[in-house]
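S.K.: Chains as they are written, first to last, in the numbering used here: chain B, 853 to 1123; chain A, 3 to 210.
A few of these clues could be false.
Said to hold, decoys possible - Ranges of calculated distance between the beta carbons of each label pair, as one might list FRET restraints: (1) Y929/B to G158/A: 52 to 58 Å; (2) A1105/B to A193/A: 27 to 33 Å; (3) S42/A to N909/B: 38 to 44 Å; (4) S41/A to L922/B: 44 to 50 Å; (5) G158/A to A893/B: 43 to 49 Å; (6) S42/A to N1062/B: 48 to 54 Å; (7) A76/A to N1062/B: 47 to 53 Å.
Stated by the list, open to error - Selected chain B positions facing chain A (Cβ under 7 Å, derived; list incomplete): (8) D900; (9) Y944; (10) D1076; (11) Q1083; (12) T1094; (13) A1098; (14) Q1102; (15) A1105.
It should be emphasised that the hints constitute simulated quantities derived from the structure, not laboratory data. From a predicted model like this one, the values you see are computed outputs, not experimental measurements. The beta carbon of each residue, even a glycine, is placed where N, CA and C say it ideally should be.
Residue strings, one per chain:
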Amino acid sequence: MRAVTGSNLQPSRSCTPARRPRRITRLFAGLGLAALAGCAAPPPKDPDALAEYREANDPYESLNRKMYDLSMTLDKYSMRPVAKAYVWAVPYRVRQSLGNMVQTMNEPVVFFNDVGAGRPRRAGDAFVRWCINMVAGVGGLVDVAKYAGYPHHDNDAGLTLATWGVPSGPYLFMPMLGPSSIRDGIGYGIDTGLQPFNYVPRGYGLLTFNWAYNIMGMINGRADHLDALDQLQKDALDPYATIRSAYQQQRKAQAEAIRNDHRATVPDWYN
Amino acid sequence: MKTALSRRHALGLVAAAATLRVAAPARAASAGDARAFVSSFGQQLIAIVNSDHSLADKKVAILPLLQEHVDMDAMGRYCLGRYWRVATPEQQTRFLALFHQILVNSITDKIGDYRGVTFTIGNVASSGPDQAVDTVISRPEQPAFNAQWIVSFSSGKPMVVDVMAEGPSLRLTTRQDYASFLGRHNGSIDALLHALDHQVEAHASPAP
Chain B
853 MRAVTGSNLQ PSRSCTPARR PRRITRLFAG LGLAALAGCA APPPKDPDAL AEYREANDPY
913 ESLNRKMYDL SMTLDKYSMR PVAKAYVWAV PYRVRQSLGN MVQTMNEPVV FFNDVGAGRP
973 RRAGDAFVRW CINMVAGVGG LVDVAKYAGY PHHDNDAGLT LATWGVPSGP YLFMPMLGPS
1033 SIRDGIGYGI DTGLQPFNYV PRGYGLLTFN WAYNIMGMIN GRADHLDALD QLQKDALDPY
1093 ATIRSAYQQQ RKAQAEAIRN DHRATVPDWY N
Chain A
3 MKTALSRRHA LGLVAAAATL RVAAPARAAS AGDARAFVSS FGQQLIAIVN SDHSLADKKV
63 AILPLLQEHV DMDAMGRYCL GRYWRVATPE QQTRFLALFH QILVNSITDK IGDYRGVTFT
123 IGNVASSGPD QAVDTVISRP EQPAFNAQWI VSFSSGKPMV VDVMAEGPSL RLTTRQDYAS
183 FLGRHNGSID ALLHALDHQV EAHASPAP
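Kindly produce the complete structure, drawing on both the sequences and the hints.
M.R.: Here is the structure:
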């Protein structure tokens, strides 16, 4: 998350690693959904306040704030110190390479979602990125594809659903997962299903790799946003509302970027 | 009659052509002007950031630069939203003074402590009546970030009216931050000013 003065706060998906231990996710998701029932606050009557309430799209604010406080407290005593130690101990270039690997491993999910969103050019880019980086980039550690003219682009099932016209639904703050919405929460589950790694037979070595990859991805993702989250906590009067606003705007901008990408499928080589 | 109509049509066409001739270069010029404006503003800002001065000195140098290039008062009014109308003139003045300082702090928080910050300018596109200038800001050993500067020409000279960093708008995010804070403090402008005062003071004192 970044808080550029206002704004570079990226309570983004990028701040959460691509995949996490799924049992924990399911547990928290289950608890969250169960707690949602009956938590919606009644809308205000004042027209101006009502407009703000609708803009925030957060009828479960009371529960979400509790989840936010819980997550921030846990983060303060667990992820943040670990991420700070990681930044202190691991050189920037190594951290960048590990970040590249996490991104490359997630490229199949981006590919399937690009196909789902009906954007073959983007799907082609994601596919080529995966091929180049897995081979020339030594298993994704070096982002060679970026230099070959195929920079990374975001996509996930929440965005695919958005391009299909599915509304976001109310805002949700998921414990330890960060800002989300009903649609994006469902999208997170779909993305887990779209990750080919989850279908590889689970030998002991792969299981070890899977855990190491998930934990490393989580620490690396948190480390990338250390300064930004610290600044956000310092600069915002209501960090919860700032994260909510930035998240909702960012998701909207990402969905718009996919909708507006009308590039031709075949590169224009001969002109 | 036929001649009169033809003459009227001809006059209309001439007027339309003249309008087009004036409007088209104006549009083209504003895109180029916006790029040149952001380039000049960015270079001056980066020169201060990359200097060897202390953070406090950098803040002092950045404030007049922002006041010259950013429509800070308009941004402040937007950020206060509906509460601007209910604030007293004294509260408005105090809010704007604090808001200027907060914008400076926001920028110095982001890039103030680095040396070797660079930026590159990308596309310029129309954004409603304004121009949106894409930039990529690189800081040493930090992920680069994309910032889009919204430049308005409505006052007669180019002024930044918003910054979109990786998607979210600075204006809108701050407005929703303040609205939420005020909503939780019974709409008390004094409570907001008090909190902003604290925020500015916290930035003035060195980090623990």
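S.K.: Is the interface hint for A1098/B satisfied, with its Cβ closer than 7 Å to some Cβ of chain A?
M.R.: It holds, given that the least Cβ distance between A1098/B and chain A is near 4 Å, below 7 Å.
S.K.: Given the hint of 43 to 49 Å, is the C-beta distance from G158/A to A893/B inside that range or not?
M.R.: Given range 43 to 49 Å: holds, Cβ gap about 46 Å.
S.K.: Do the Cβ positions of A76/A and N1062/B conform to the proposed distance bound of 47 to 53 Å?
M.R.: At roughly 52 Å between Cβ atoms, N1062/B and A76/A fall inside 47 to 53 Å, so the hint holds.
S.K.: Go ahead and decide if the range 38 to 44 Å is satisfied by the Cβ distance of S42/A to N909/B.
M.R.: Check passed, 39 Å falls within 38 to 44 Å.
S.K.: Against chain A, run the beta carbon of A1105/B and see if the smallest gap drops under 7 Å.
M.R.: holds, 4 Å
S.K.: Tell me if Q1102/B is really an interface residue toward chain A, meaning its C-beta lies closer than 7 Å to one of theirs.
M.R.: With Cβ-Cβ at 4 Å, under 7 Å, it holds.
S.K.: Just tell me: holds or violated, for the beta carbon distance of Y929/B and G158/A against 52 to 58 Å?
M.R.: Check passed, 54 Å falls within 52 to 58 Å.
S.K.: Could you say whether the range 48 to 54 Å given as a hint is met by the Cβ separation of S42/A and N1062/B?
M.R.: Holds, since S42/A and N1062/B (Cβ atoms, about 51 Å apart) stay within the stated range.
S.K.: For S41/A and L922/B, compare the CB-CB distance with the range 44 to 50 Å and indicate the outcome.
M.R.: This hint holds: roughly 46 Å between Cβ atoms.
S.K.: How does the Cβ-Cβ distance of A1105/B and A193/A compare with 27 to 33 Å: does it lie in that range?
M.R.: holds, 32 Å
S.K.: Less than 7 Å between beta-carbons is the criterion; does Q1083/B satisfy it with respect to chain A?
M.R.: holds, 5 Å
S.K.: Given Y944/B was flagged as interface, is its beta-carbon under 7 Å from a beta-carbon of chain A?
M.R.: Constraint on Y944/B satisfied, holds at 4 Å.
Violated hints are absent here; each numbered hint is respected by the structure.
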